[in-house]
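Trainee: Whole structure, please, built from the sequences with the hints as guidance.
Protein chains in written order, with our numbering: chain H, 12 to 377; chain W, 260 to 437.
By construction, these hints were calculated from the structure, which means they are not laboratory data. Take the hints with a grain of salt, since some may be wrong.
[To be verified] Listed next, with one range per pair, are the computed distances between beta-carbon atoms:
#1 W/A422 to H/A194: 23 to 31 Å
#2 H/D177 to W/D397: 16 to 24 Å
#3 W/A418 to H/G332: 46 to 54 Å
Where a beta carbon is used, it is the ideal one built from N, C-alpha and C, also for glycine.
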Amino acid sequence: MTRLLRPLALAALPLLGACDLLDDVLSEFDGDLETRSFSVDSSDGKARVDVEIDGQETFQLTATSGQLVAVEAIYDPDGELVLYWEDWYGNESLTGAVWLEGRDTVLNWPVRSVDGELSAGTWQVEVGVVDNEGYYTDATVDAVLKLKQDPDLSDGVVKARIVYADGLMQDEVVSAGVQAAVARWEEVWGPYGLSLDAGYESSAYSTDQAFPGESGEHEDLAQDASGSEVTVLIAETIDGGMDYYGIAGSIPGTLDHTGRALVVVSWLANAGGDGSFSDDDVRLFGETLAHEVGHYMGLFHPVEMTWDYWDALDDTDACQGQGDCEGGLGDNLMFPYPVCDWTSCLAQDQLTDGQTGVSHRYTGTL
Amino acid sequence: MITSLLLALACNGGKVPPAQAGVVDAGLPPTPAELLAQQAPGAAAEPLAPTDAGYAVYRALSVRDPEPTCAEVEALSPTPVETLREVVDRAQQPPWAGMRAANCLVQGHGAEVQADLVAWVGGADTRGLALLVLDQLDLLPEDVALAVATAALAGPHAADASARVPKSRHPALQALVP
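Mentor: In structure tokens, the structure reads:
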């Protein structure tokens, strides 16, 4: 439960000055995507990461440390606070970056249109550094910034690297099912200006996969990804069974090479008891791929199944109760479950303008 | 993502969602079958009339995320093994509902459902269930695992079994594949 810790008691520690940059910034360009890598030392438990903006539309920060890290605040070039973690720690979710999940955190900014555009100047992201007991501590934070230059936030391409675990690419049932599901995924995204550029690879990775970030294989896998690809690992089982059939590394997911830089999907859970893909299975599998990668691009469920937690978007119904939510949001791609009646399920292929905007603001959507 | 969700659920800040303007219909919400019928009139197949417990378990197992635990699911039925069997045998969509039900049977009731497991690994149209069992042989009592593996190696999924049985930690099972 250490992940639930929040150092509220120490939040009043005095803030010190500007960030301590340890290394020179390494900068690389790949088309519309710039990558800057550098390290920052925290002071009094906060690492301050400067983000120089000059015409870019969005940025993604992946901060990694030997301690637990989470984004605490974002300041614009005028010093105005534009995000504070506590505002998004209740029952509306904007970004997983504010949650103390582990030794890395991922922030994509801006998330929504109402978050405004990136004005030119120096933005600052404050990253809290916390020990396992929940207290602020000091450590070096490695920062990888990805900055998107592409000005078109209504038409974008997502590169998906689909990697089959050991032997699965050679299984014709699996490979045909995955390719058909990817076609459905493209069909779901198309009306929203989202195109998919999918490539396929075989691998020797285990067919039983751990959660993202909980296997050394995931770090190895991430090393081979390009800077703008989302990796989808096709496994047979996740965590040794059928409890999980698709899981994203984080919300949003990183474009850096960390162990959580992937979505893991179980082909077997999506094929069902007969081990083959019917037309209905393919449709649902494609929607599952689009749903899980949607998480990776920053989308939350519009409502959680307790019916009292929602995403931060104004145009996804703040429904309350199962019937109300199934009626209002049951066809939404990000609804937490498919609405089914034993024999068939409602198509879930709808995105609101707000959800579409989040998807296009994902820094990997180019 | 799962931990993110748990964090979100654990940290309720007490905010209240905005009231829905203009909602005047106080009637019952549409059922899944009604929603499906609206989507494709005439296309929805007749449901197979699940038992109440079967439907409750099926609903719990249909969730995308967060995933339910077997203990949570089984608490929904006074006869969990029978109910899980019902979901395996009769629920057609989503595909993971039946697979998760089968998973709970394998992980918690292996000895009791040995005949089912042997049938799954021997059925030509149950390759998915066969793989589920073969991937988890070591969760079964050894004598059950041995019976299941032996049947699998003699059945239509022998190739799948030959690749998985030797991975068992039990020497008796490893010895089945020279």
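Trainee: Against the structure shown, which of the earlier numbered hints fail to hold, in ascending order?
Mentor: Hints that this structure does not satisfy do not exist here, as all of them hold.
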